Amino acid sequence: MVMAASETKFHVLAVDDTLIDRKLIEKLLKTSSYQVTAVDSGTKALEFLGLNNNDHQDVKVNLIITDYCMPGMTGYDLLRKIKESSSFKDIPVVIMSSDNIPSRINRCLEGGAEEFFLKPVQLSDVNKLRPHLMKRTQTNVNKRKAMDEIVSPDRTRARYNELEVN
Amino acid sequence: MDRNRLHNQVASMRRSLFDQLEELQDDTNPNFVQEVVTLFYNDSTRLIQNIEQALNSRPIDFCKLDDYMHQFKGSSSSIGAKKVTNECTAFREYCNAENAEGCIRSFQQVKQEHAILKRKLEVYLQTVRQASQTA
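Residue numbers (this note's numbering), protein chains in the order written: chain Z, 1 to 166; chain X, 1001 to 1135.
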């Protein structure tokens, strides 16, 4: 299959109010070949995306990774704002937290977060991000396949294979 | 040979102190661990002072205490300082229970572990400086 932007690095927006954690997550992401923008608050994240003003920012963000515990706007608040925005609701959001609280984790996942990482975040966690990014470019391909299945469920495998996009 | 010895020393200290950080240091940012360590060193010292002050004020503001300790625990955990992080967890339990005496006792443990860690970090940073001077 063809992925138009396969040569371009994915751009991740990292949000964390702690300097050390910001530095660490930035390094983890860069080591994994992502382009990174790091900000220290949910408000700044929204500003960067252009949600706080009417000027349309020409900013392309492929994923947002945010700390949960932040003063003012928590990571959950930011998650909801992103998911409620028509322009940005499809951007995958990942939440990080140093506290292992199941109800918090569930709330975030139910609120639309793709993943919830416990801090300290490891390289192995960052590796889990790639499928969420790849998934976006595959959406059209999968939708087509699924629709074909529904239309004609007794289709033979051979016929179905013909329709596969390579 | 002195240069090699120092560089090897730095590398082995880094490995033993900071598993994960070590993985992140590379040619594009050869001072990464040093920067993070310095950041932590300054940041944690400041937080310890804040916590000390908060514990000395009457009445004790447990909310503020928990806030400081949350930050402190967060950065300790981020650089892989397990012992300090564990003492912080104990402290926060006393804090949540608003147990002043428990907090004060627990904080002594936190300070102790932090002091041990600081000494290790100082030696590490010193060795790094020496190694860069012979480079």
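The set of hints was computed from the structure by calculation and includes no laboratory data. Every value quoted in this text rests on a predicted model; they were computed, and no experiment measured them. Where is the CB? At the ideal position from N, CA and C, for every residue including glycine. A hint or two may mislead.
Here are some, though not all, of the chain Z residues that point toward chain X, as calculated from beta-carbon distances under 10 Å [said to hold, decoys possible]:
no. : residue
1   : Asp21
2   : Lys30
3   : Asp67
4   : Met73
5   : Ser98
6   : Asp99
7   : Ile101
8   : Arg104
9   : Glu115
10  : Phe116
11  : Lys119
12  : Pro120
13  : Gln122
List of simulated lysine to any residue pairs, SDA-like, C-alpha gap at most 25 Å [said to hold, decoys possible]:
no. : chain 1 : residue 1 : chain 2 : residue 2
14  : Z       : Lys30     : X       : Ser1077
15  : Z       : Lys128    : X       : Gly1080
16  : X       : Lys1082   : X       : Asn1004
Label pairs and their calculated CB-CB ranges [as the list claims (entries may be wrong)]:
no. : chain 1 : residue 1 : chain 2 : residue 2 : range
17  : Z       : Asp77     : X       : Ala1115   : 48 to 54 Å
18  : X       : Asn1056   : Z       : Asn127    : 17 to 23 Å
19  : Z       : His11     : X       : Arg1003   : 38 to 44 Å
20  : Z       : Arg130    : X       : Arg1058   : 50 to 56 Å
21  : Z       : Ser33     : X       : Ser1132   : 25 to 31 Å
Now the hints, each set against the structure:
The beta carbon of Asp21 (chain Z) is positioned within 10 Å of a beta carbon in chain X (closest approach about 5 Å), and the interface hint is therefore held. Look at Lys30 (chain Z): its Cβ gets to within about 8 Å of chain X, closer than 10 Å, so that hint holds up. The interface hint given for Asp67 (chain Z) is met, as the beta carbon of that residue sits about 9 Å from the closest beta carbon of chain X, less than 10 Å. Interface restraint check: Met73 (chain Z) against chain X, minimum CB-CB distance 16 Å, threshold 10 Å, status violated.
Nearest Cβ of chain X to the Cβ of Ser98 (chain Z): about 5 Å, under the 10 Å cut. The hint holds. Given the 10 Å rule on beta carbons, the hint for Asp99 (chain Z) holds: about 9 Å separates it from the nearest Cβ of chain X. At about 13 Å, the closest approach between the beta carbon of Ile101 (chain Z) and any beta carbon in chain X exceeds 10 Å, and the interface hint on this residue is violated. Evaluation of the Arg104 (chain Z) hint against chain X yields a violated restraint, the C-beta minimum of about 14 Å exceeding 10 Å.
Violation of the interface hint for Glu115 (chain Z) is found here, the shortest Cβ-Cβ separation to chain X being roughly 18 Å, above the 10 Å cut-off. For Phe116 (chain Z), the shortest C-beta to C-beta distance to chain X is roughly 16 Å, which exceeds 10 Å, and the interface hint is violated. At about 6 Å, the closest approach between the beta carbon of Lys119 (chain Z) and any beta carbon in chain X falls short of 10 Å, and the interface hint on this residue holds. Of the supplied interface hints, the one on Pro120 (chain Z) holds, with its beta-carbon coming within about 5 Å of a beta-carbon of chain X, less than 10 Å.
A least Cβ separation of about 6 Å between Gln122 (chain Z) and chain X falls short of the 10 Å threshold, and the interface hint therefore holds. Distance hint between Lys30 (chain Z) and Ser1077 (chain X) is fulfilled; the C-alpha atoms sit about 21 Å from each other, no more than 25 Å. For the given pair, Lys128 (chain Z) sits about 21 Å from Gly1080 (chain X) by alpha-carbon distance, which is consistent with the 25 Å threshold. Note on Lys1082 (chain X) and Asn1004 (chain X): the hinted pairing is violated, with a Cα-Cα distance of about 30 Å set against a maximum of 25 Å.
One distance hint, 48 to 54 Å for the beta-carbon pair Asp77 (chain Z) and Ala1115 (chain X), is violated here, with the actual separation near 38 Å. In this structure, Asn1056 (chain X) and Asn127 (chain Z) break the distance hint of 17 to 23 Å, their C-beta atoms being roughly 46 Å apart. Judged by the Cβ atoms, the range 38 to 44 Å given for His11 (chain Z) and Arg1003 (chain X) holds: they are separated by roughly 41 Å. The given range of 50 to 56 Å is respected by Arg130 (chain Z) and Arg1058 (chain X), whose C-beta atoms sit roughly 53 Å from each other.
For Ser33 (chain Z) and Ser1132 (chain X), the Cβ-Cβ distance of about 28 Å falls inside the hinted range of 25 to 31 Å, so the restraint holds.
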